[in-house]
Amino acid sequence: MADAAFHIVDVSKRYGPRWALARLTFSLERGKSLLLTGHNGSGKTTLLKILATAMSPTLGKLTVLGHDCHEGREPIREKVGLLSHASFLYEDLTAAQNLVVLARLIGMTDGEADATADAMLTRVGLAKRRDHPVRQFSAGMRKRLAVGRLLLKRPELALLDEPFGELDPQGIGEMEKLIAELAAQGTTLVLATHLVDQGKALTTERLHLEEGRRVEARA
Amino acid sequence: MTPAETVAQAPAVTTARPVRPGLFACTVILLRKDLLLEWRTRARLNALVFFGICTLLMFSFALGANAMALREHASGYFWLAILFASVLSLSESFRVEQENHSLDGLRLAPANGRAIFLAKAIGNTVLLWGLGAVLAPLSIAVFDLRVVMSLFTLAFIMLVGSMAISAAGTFYASIASNARARDVLLPILLFPVLVPVLIAAVKATTMVFEGDPMNQMESWLTLLGSLNVIYWGLGLVLFPRIIEDL
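First to last, the protein sequences are chains S and V. Under the numbering used here, read the first sequence as residues 1 to 219, first letter to last. Under the numbering used here, read the second sequence as residues 1 to 246, first letter to last.
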């Protein structure tokens, strides 16, 4: 499984009495892109959080980018980027300051962090809002900044949970372009969305979940 | 810029990654972030100082115009004002991390869990020491105190006392931060643990105002130092596990 981006065996996750994931087994090769579909509550977000090591599975084995998640989470976290429903942003810091903190944490110098933050803000269309606090941002702008945060990490595995949510039509088009660019660079992608047609156009594989179980997709 | 140009300019995923900062550097980065957040929301700082001053004055009003009793218990009121205000500052320091699940963002960055603890605890120490620096002259004026030992000694007691409150407080605030009744839970968890800190800090501060004829200052400072070693040590060991299990 050396060439697998992730390999999960019998992974289950329980919230109280409810199983969000039930004995899920799946693997994805590096460089491939996966469309993750399913109704609300089918386990998509839980699976992405487990892959990102934001939460631990209740049962099962999981290897991400060659690292066992029970043995070493940090090597996985260095290489995985998660675009979540939560933006991970500090409301009272500016857009640039939010990115600079992350850039410094991943090892950039002050100068590199500033330059990279500026480049990322330009890339996600927020250069003019560089010094505005996130508290003043609309939901769509927060999503763009969260994407900048993800890109700044240069992840080998990008986990995108509803990346088109809260974006206007122009933003959706730009997001599609960004996802295509990531795929072209060789980044392994997992894309969870209800916009199945857009998702199909951007991915090569598909995993459909119902009540935490893998089922054949109907469409 | 066309998509093709952007792809050409974007770094490939195989490019060597920068070396992640060590514990000290990571702590400095996170401390800068925490202090910057405090500075950008100065209303919270003002509220903290105002709350501390109010608490101090309420104690003096409650006791009435008994100058002797006020002087006798002034150190206790001073530290209780800092302790009560610390609950606000500790809760707030984790509220900003919960707002957009920013703590998860730090974990996944990945930031060193011990560095997160150190940055939070040092940031809270700075705040509480600063609050003490505001309340000390006010206490001296309101309670008509006479400084027998040096002000440097008072500043040192405030520092070690604030450090102990912040270390234990940061640890318990992280536990309470995900609870529904976190504002109630934090003092319930924290205050019993801080009883020895309160006793030692009050005794040592009283000696600054009343003198130390029995040479007990060293013993109380040693106790405060030992409590600091325990709280900071336990925090460094346990905090990373706490935030992983939240």
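It is worth saying that the hints were derived from the structure and are not from the lab. Note that the Cβ used here is the ideal one computed from N, Cα and C, for glycine as well. Mixed in with the good hints there might be a few duds.
Stated by the list, open to error - Using C-beta positions, here's what the derived DEER-type ranges look like:
| no. | chain 1 | residue 1 | chain 2 | residue 2 | range |
| --- | --- | --- | --- | --- | --- |
| 1 | S | G140 | V | G130 | 36 to 42 Å |
| 2 | V | F191 | S | V215 | 29 to 35 Å |
| 3 | V | A43 | S | A184 | 44 to 50 Å |
| 4 | S | R206 | V | R17 | 26 to 32 Å |
| 5 | V | A181 | S | R213 | 16 to 22 Å |
| 6 | S | K200 | V | A181 | 41 to 47 Å |
| 7 | V | A16 | S | K200 | 31 to 37 Å |
| 8 | V | R95 | S | D3 | 40 to 46 Å |
| 9 | S | G140 | V | F61 | 50 to 56 Å |
What the hints assert, rightly or not - Straight line, CA to CA, 20 Å or less: simulated EDC-like cross-link-like pairs of lysine to aspartate or glutamate:
| no. | chain 1 | residue 1 | chain 2 | residue 2 |
| --- | --- | --- | --- | --- |
| 10 | S | K79 | V | E244 |
| 11 | S | K61 | V | E244 |
| 12 | S | K32 | S | E205 |
Going down the list of hints, with the structure as the test:
1. S:G140 with V:G130: 36 to 42 Å: Holds - the Cβ-Cβ distance for G140 of chain S and G130 of chain V, about 39 Å, lies within 36 to 42 Å.
2. V:F191 with S:V215: 29 to 35 Å: With Cβ atoms ~53 Å apart, the hint is violated.
3. V:A43 with S:A184: 44 to 50 Å: Roughly 47 Å apart at Cβ, these two residues keep to the hinted range, so it holds.
4. S:R206 with V:R17: 26 to 32 Å: holds (30 Å)
5. V:A181 with S:R213: 16 to 22 Å: violated (36 Å)
6. S:K200 with V:A181: 41 to 47 Å: Given a distance of about 46 Å, which is inside 41 to 47 Å, the answer is holds.
7. V:A16 with S:K200: 31 to 37 Å: holds (34 Å)
8. V:R95 with S:D3: 40 to 46 Å: For D3 of chain S against R95 of chain V, whose Cβ atoms are near 44 Å apart, the range 40 to 46 Å holds.
9. S:G140 with V:F61: 50 to 56 Å: holds (52 Å)
10. S:K79 with V:E244: holds (18 Å)
11. S:K61 with V:E244: Between K61 of chain S and E244 of chain V the Cα gap is close to 18 Å, so the pair holds against 20 Å.
12. S:K32 with S:E205: Holds. K32 of chain S to E205 of chain S sits at ~7 Å (cutoff 20 Å).
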